[in-house]
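Chemist: Model the full assembly from the supplied sequences, consistent with the hints where possible.
There are 2 protein chains.
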Amino acid sequence: MSTPSSVAATGERALIDLIRTRVPPSPPWVTLGIGDDAAVVEPEPRSLDVFTTDALVEGVHFDRAFTPPDAIGHRALAVNLSDLAAMGARPRVALLSLVLPADLLLSDLTAIVDGLLALAARHKVALVGGNITRTPGPLCIDITAVGSVHRRKFLTRSGARPGDQIWVSGHVGSAAAGLASLVSGARTAGAMTACEEAYLRPEPRIRLGLLLARNGAASACVDLSDGLADGLHQLALASEAGLVVDGQAVPVAADAREWFVAHQADPVMAAMRGGDDYELLFTVSARQRARLRSVRQTLGSLAVTRIGTVTASRTVRLKTAGGECPVPAGYEHFR
Amino acid sequence: MSTPSSVAATGERALIDLIRTRVPPSPPWVTLGIGDDAAVVEPEPRSLDVFTTDALVEGVHFDRAFTPPDAIGHRALAVNLSDLAAMGARPRVALLSLVLPADLLLSDLTAIVDGLLALAARHKVALVGGNITRTPGPLCIDITAVGSVHRRKFLTRSGARPGDQIWVSGHVGSAAAGLASLVSGARTAGAMTACEEAYLRPEPRIRLGLLLARNGAASACVDLSDGLADGLHQLALASEAGLVVDGQAVPVAADAREWFVAHQADPVMAAMRGGDDYELLFTVSARQRARLRSVRQTLGSLAVTRIGTVTASRTVRLKTAGGECPVPAGYEHFR
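Residue numbers (our numbering), protein chains in the order written: chain U, 6 to 340; chain S, 6 to 340.
Hint data in this document are derived by calculation from the structure and do not stem from the laboratory. Heads up, some of the hints might be wrong.
When chains are identical, the list treats them as one kind, so a pair holds in a single copy or across two.
25 Å max Cα-Cα, derived SDA-like pairs, lysine to any residue [as the list claims (entries may be wrong)]: (1) Lys158 / Pro30; (2) Lys158 / Trp34; (3) Lys324 / Ser10; (4) Lys158 / Gly40; (5) Lys324 / Thr314; (6) Lys129 / Glu49; (7) Lys158 / Glu49; (8) Lys158 / Glu245; (9) Lys158 / Gly38; (10) Lys324 / Thr310; (11) Lys158 / Ile39; (12) Lys158 / Arg206; (13) Lys129 / Glu47; (14) Lys129 / Arg156; (15) Lys129 / Leu187; (16) Lys158 / Pro50.
Modeler: Here it is as C-alpha cells:
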C-alpha cells in the first residue's frame with residue numbers, strides 16, 4: 006500500500022513539520038501559531054470575530070483525476086474565504102484539518118498545502134494550526150476560517166426588502182461549464198481554459214464584500230457556493246421576501262454559454278443551477294444606490310450586474326423571453 | 006442503500022434544520038449563530054482568542070460497534086475542549102463539520118449531536134455554525150473550538166525549566182484499558198465500567214487549566230490526547246529540557262492496573278503508552294508551588310499527582326524499582 010513517498014510512511018509529526026516549514030512567518034497579531042495544543046491570536050480591535058467552516062471530500066467535491074493538488078488546496082481555502090466575503094469580513098486566520106488516505110503521495114500533499122498557502126498569502130490569511138489524521142476513506146480537507154468585521158457593518162442574508170435591486174458579481178455558470186468540460190475531457194485547444202480555471206481556482210470576492218460592508222452599500226448578501234438558483238432561494242428565505250430575476254441580465258460568460266448550447270442546455274438555466282461559482286449575490290436599497298456606485302468605481306475590473314428586483318410576493322421567479330417561471334431549486338451537495 | 010430514516014434520504018437543509026432545532030438559544034455575545042454564511046461573535050474583552058481543531062474518523066478514532074453515538078459526539082467535542090484546557094483557555098464557541106456516510110441513521114446523527122450538545126452545555130460552549138457533507142467513506146466529525154485567555158496568562162508546552170516539578174491530573178491508562186475492554190467485549194459484571202467510561206466520555210480538564218493559568222501556577226502544560234509517554238516527549242521537546250518520571254508515582258487506577266496485569270502488561274508502561282487520557286500534564290517551578298497548593302484547594306475532587314522532575318539532560322526517563330529506562334515513544338495516530 007504505502008511507498009516511501011506516501012504520507013503513511015511519514016508519520017504525523019513529520020507531516021506537521023513538513024507543513025510548518027512551508028508556512029511563512031506569522032504576522033505580529035498571531036501570539037502563538039502552529040505547534041502547541043492550540044493557537045493564540047489577538048482579536049482585531051473594536052471588531053467582531055467571524056467564523057466559518059467548510060470541508061471538501063474527494064469523490065464528492067473534487068475528483069483527483071482532473072483536479073491538480075494545488076487546486077484542491079486553493080479551493081478548500083477559497084470556499085471558506087468566500088463565506089467570509091459574503092459577510093463583508095476581512096479574513097485573518099485559517100485552521101487546516103487534513104484527513105488523509107495512507108497512499109496519498111507526499112508530493113501531492115505538499116502541492117495541496119502550497120496551493121492553499123498561495124491563496125492565503127494573497128489575502129493575508131495566517132495558517133495558525135490544524136490537525137492531521139489518517140483515514141481508510143477518501144481525502145478530506147476541512148478548513149475553518151476566521152475573519153473580522155466592524156460592529157454593525159457586517160452583511161447577512163436576511164436584510165433584503167421589496168424594491169431592493171438584486172446584483173451579482175462576475176459571471177455565473179462558468180465553474181459548472183468548466184467542471185463539465187473537465188469531466189468530459191473534451192477540452193479543445195484551450196477554448197474552455199477560463200471556465201475550467203473558474204472551477205479549479207475560484208477567486209473569493211473578499212474585496213467586494215469588504216467594500217459593500219464598509220460603505221453600507223448592500224442590504225443583504227450571500228455567496229454562490231451552490232449556484233445562483235440556490236443563492237436566490239437562500240436570500241429570499243432568510244429575508245422573507247420574493248425575488249424576480251431578468252433571465253437576459255444573468256451574466257453568463259460567452260465560453261460557458263457556448264458550452265451549454267453545444268450540450269443542448271438552456272444557458273441561463275444551466276448557469277443558474279450550476280454550483281461552485283463563489284460570486285456574491287447582494288441586494289441594494291434605493292438609498293444605497295449612490296454608495297454602490299462609489300463601490301463600483303473603487304472595484305476596478307470586477308464587473309457587478311443588476312439581475313432583478315426584490316418583491317413582496319415570497320416567490321422566486323425568472324423572467325424570460327417566453328414569460329415567467331419559478332427559479333428551480335439549487336444544487337444540494339448532500340443528495 | 007438509503008432508508009427513509011437515513012441521512013441520505015433527508016437532504017442537507019433538513020439536516021441543518023434538525024441540528025439547529027436542538028441547539029439551545031445563543032448567549033448574548035453570539036451576534037449571529039447558525040444559518041448565515043458565517044457566524045459572528047463578540048470577542049471576550051481584554052482577552053486573546055484561542056483556536057484548535059481536531060477530527061475523529063470512524064475506524065481510526067472510534068468504532069461504531071462499541072461506541073454509542075452520544076459518546077462519538079461527546080468525544081469529538083471533548084478532544085477539542087481538552088486542547089483549550091491545556092492552554093488555560095475558557096471555551097466559548099464550537100463549529101461542527103460533519104462528513105456523513107449516506108447510510109447513517111438519522112437517529113444516530115441526532116444522538117451524536119445530543120452527546121456533543123450535552124457536553125457543550127456543561128462548559129457553556131455555543132455551537133455557532135458548521136457544515137454538513139456526504140462522503141463515500143467513513144463517518145468523520147471535525148470540530149473547531151474557540152476559547153479566550155487573559156493576555157500573558159495562557160499556558161504553553163515550552164515553559165518547563167530544570168528543577169520544575171512534573172504533575173498530572175486524574176488517572177492515566179484508564180481510557181486505554183477501557184478501550185481494550187470494549188474491543189475484547191470481555192466486560193465482566195460491570196467491573197470495567199469506569200475505564201470504559203473514561204474512554205467513551207472523557208472529561209476535559211477545563212477548570213484545572215483555567216485555575217492553573219489564572220493563578221500562574223504552572224510553567225508548562227500539555228493535554229494527554231496521545232497518552233502520558235507522548236505528552237512527556239512533547240513537553241520535553243517544546244521546552245528543550247529533560248524529564249525524569251517516578252514510575253511508582255504514575256497514577257494508574259486500580260481497575261486499569263488489574264486489567265493490564267491480567268493481560269500480561271506492565272501496568273505503568275501500558276498506562277503511559279495508552280492514548281485518549283485527556284488529562285493535563287503540567288510543570289510547576291519552585292516559586293509556583295504555593296500557587297499550586299491554592300489551586301488544589303479550589304479544585305475539589307479532581308486529584309493531581311506529582312510524578313517527576315524536569316532536568317537539564319534532554320532525555321525523557323522513567324525510574325522504576327529495577328532502575329532507569331527511556332520513556333517509550335507515544336502513540337502516533339497516523340501510523
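Chemist: Evaluate each hint against the coordinates.
Modeler: Hint check results:
1. Taking the shortest alpha-carbon separations for Lys158 and Pro30, only the inter-copy value of 23 Å comes in at or below 25 Å, while the best intra-copy value is 30 Å.
2. Taking the shortest Cα distances, Lys158 and Trp34 sit within 25 Å of each other both inside one copy (22 Å) and across copies (16 Å).
3. Taking the closest pair of Cα atoms, Lys324 and Ser10 never come within 25 Å of each other, the shortest separation being 55 Å inside a single copy and 38 Å across copies.
4. Taking CA atoms no more than 25 Å apart as the test, Lys158 paired with Gly40 passes between copies only; the shortest distance there is 18 Å, against 34 Å inside one copy.
5. Only within a single protomer do Lys324 and Thr314 lie at most 25 Å apart by alpha-carbon distance; the minimum there is 11 Å, versus 76 Å between protomers.
6. In this homomeric assembly, Lys129 and Glu49 come within 25 Å of each other (Cα to Cα) both inside a single copy, at 14 Å, and across copies, at 24 Å.
7. In this assembly of identical chains, Lys158 and Glu49 lie within 25 Å of each other by CA distance both inside one copy and across copies; the values are 14 Å within and 19 Å between.
8. With identical chains, the CA atoms of Lys158 and Glu245 are at most 25 Å apart within one copy only, with a shortest distance of 21 Å there and 46 Å across copies.
9. In this assembly of identical chains, the alpha carbons of Lys158 and Gly38 lie at most 25 Å apart only when taken from different copies (16 Å versus 29 Å within one copy).
10. With identical chains, the CA atoms of Lys324 and Thr310 are at most 25 Å apart within one copy only, with a shortest distance of 16 Å there and 73 Å across copies.
11. Proximity of Lys158 to Ile39 under the C-alpha cut-off of 25 Å is restricted to the inter-copy arrangement: shortest distance 19 Å between copies versus 31 Å within a copy.
12. Taking the shortest Cα distances, Lys158 and Arg206 never come within 25 Å of each other, neither inside one copy (29 Å) nor across copies (41 Å).
13. Both within a single protomer and between protomers do Lys129 and Glu47 lie at most 25 Å apart by alpha-carbon distance, with minima of 15 Å and 22 Å respectively.
14. In this homomeric assembly, Lys129 and Arg156 come within 25 Å of each other (Cα to Cα) both inside a single copy, at 21 Å, and across copies, at 24 Å.
15. In this homomeric assembly, Lys129 and Leu187 never come within 25 Å of each other (Cα to Cα): the closest approach is 30 Å inside a single copy and 47 Å across copies.
16. Taking the shortest Cα distances, Lys158 and Pro50 sit within 25 Å of each other both inside one copy (14 Å) and across copies (19 Å).
In terms of the numbered hints stated before, the structure departs from hints 3, 12 and 15, listed from lowest to highest.
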